[in-house]
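Q: Sequence:
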Amino acid sequence: MKTNPFYTWLPGLLTVVVTLLGFLVFAPEEPDKLFYINMVYLVVLEGLFFGWFHMGKLKSDAAQTPYFKVFVGMHTMGYLVVSLLWMLIYSLFLSEKVDLKVYLLVIGVLSLIWIVLASIIGSQDTQYHAQQTQLEDTTMDIRAFRDELKALAKEHAKPETERAWKQLIMEAESVAPKQFAARYASLRQKADNLINS
Numbered sequence: 030m031k032t033n034p035f036y037t038w039l040p041g042l043l044t045v046v047v048t049l050l051g052f053l054v055f056a057p058e059e060p061d062k063l064f065y066i067n068m069v070y071l072v073v074l075e076g077l078f079f080g081w082f083h084m085g086k087l088k089s090d091a092a093q094t095p096y097f098k099v100f101v102g103m104h105t106m107g108y109l110v111v112s113l114l115w116m117l118i119y120s121l122f123l124s125e126k127v128d129l130k131v132y133l134l135v136i137g138v139l140s141l142i143w144i145v146l147a148s149i150i151g152s153q154d155t156q157y158h159a160q161q162t163q164l165e166d167t168t169m170d171i172r173a174f175r176d177e178l179k180a181l182a183k184e185h186a187k188p189e190t191e192r193a194w195k196q197l198i199m200e201a202e203s204v205a206p207k208q209f210a211a212r213y214a215s216l217r218q219k220a221d222n223l224i225n226s
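Mind the numbering: the sequence shown is residues 30 to 226 in the working numbering, read in order.
If you are wondering where the hints come from, they were derived from the structure by calculation, not from laboratory data. It is possible that some hints are incorrect.
Computed beta-carbon distance windows for the label pairs [to be verified]:
no., residue 1, residue 2, range
1, Ser-120, Lys-98, 31 to 37 Å
2, Gly-51, Met-103, 26 to 32 Å
3, Ser-140, Phe-55, 22 to 28 Å
Below, a list of computed lysine-lysine pairs in the PhoX-like style, where the Cα atoms sit at most 25 Å apart [claimed, not checked]:
no., residue 1, residue 2
4, Lys-219, Lys-183
5, Lys-130, Lys-62
6, Lys-195, Lys-179
Note that the coordinates shown come from a computational prediction; the quantities given were computed from them, not determined experimentally. Don't be surprised by glycine CBs; every beta carbon is placed ideally from N, CA and C.
Produce the complete structure using the sequences and hints provided.
A: Structure below.
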C-alpha cells in the first residue's frame, strides 16, 4: 500500500524549510558562528525527530523486542529535549560568559551518551530476544516431541508397556528447554526400545 507523502517525509521537510527560513529572516546583520551552529544543529534535531517518528510506524526489527523500541523512543525524546534546552540556555544566557568550545563539547557529550546508551541497551536487548526466541522454539520442539510420543504410545503400547509409555511422556514433558537437546537422543532411544519390546 502506497503511503501519502504528506504523512511521511513532507512534514519533516516543511519543518526544516520553515526553520531555515526563520533563521534567515531573523538573522543578525553579521551572523556569528553560534548562529550557524544553532541553525545546523536545530535542523539535525528536527531530522532526528521526524526520522524517529517515521521509524516508529515501520515494522520493527525482528531481532529487537517491542520494549527496546519504546526505550529508544523515550531515550531519543529525552535527548531532543535536553539538547534544545541546552541550545536555548547557552544562546540566551551563557554565550557571552562561556566559550563556544564548551557549548560544542556539551553537544558532543550529550550525543555520545545518547548513542552509547542506545547501543548498549540494543545489544543487551538483541541477546535477550535471541535467548527468548530459542527458549520458545525449544518449548515448541518439546511439545511436538511429546505429541509424537503420545501418538507412538497409542499405536505401539501394550498392556505391559503402557505404564512405561506414560512415564516416558511425563519425562519428556518435564525436560527443561535448555536440556532438551542433550536429552533428546536418550528419550528417542527409550521410545524405540518400547516400540521394539
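Q: When the hints from earlier in the document are held up against this structure, which numbers fail?
A: none
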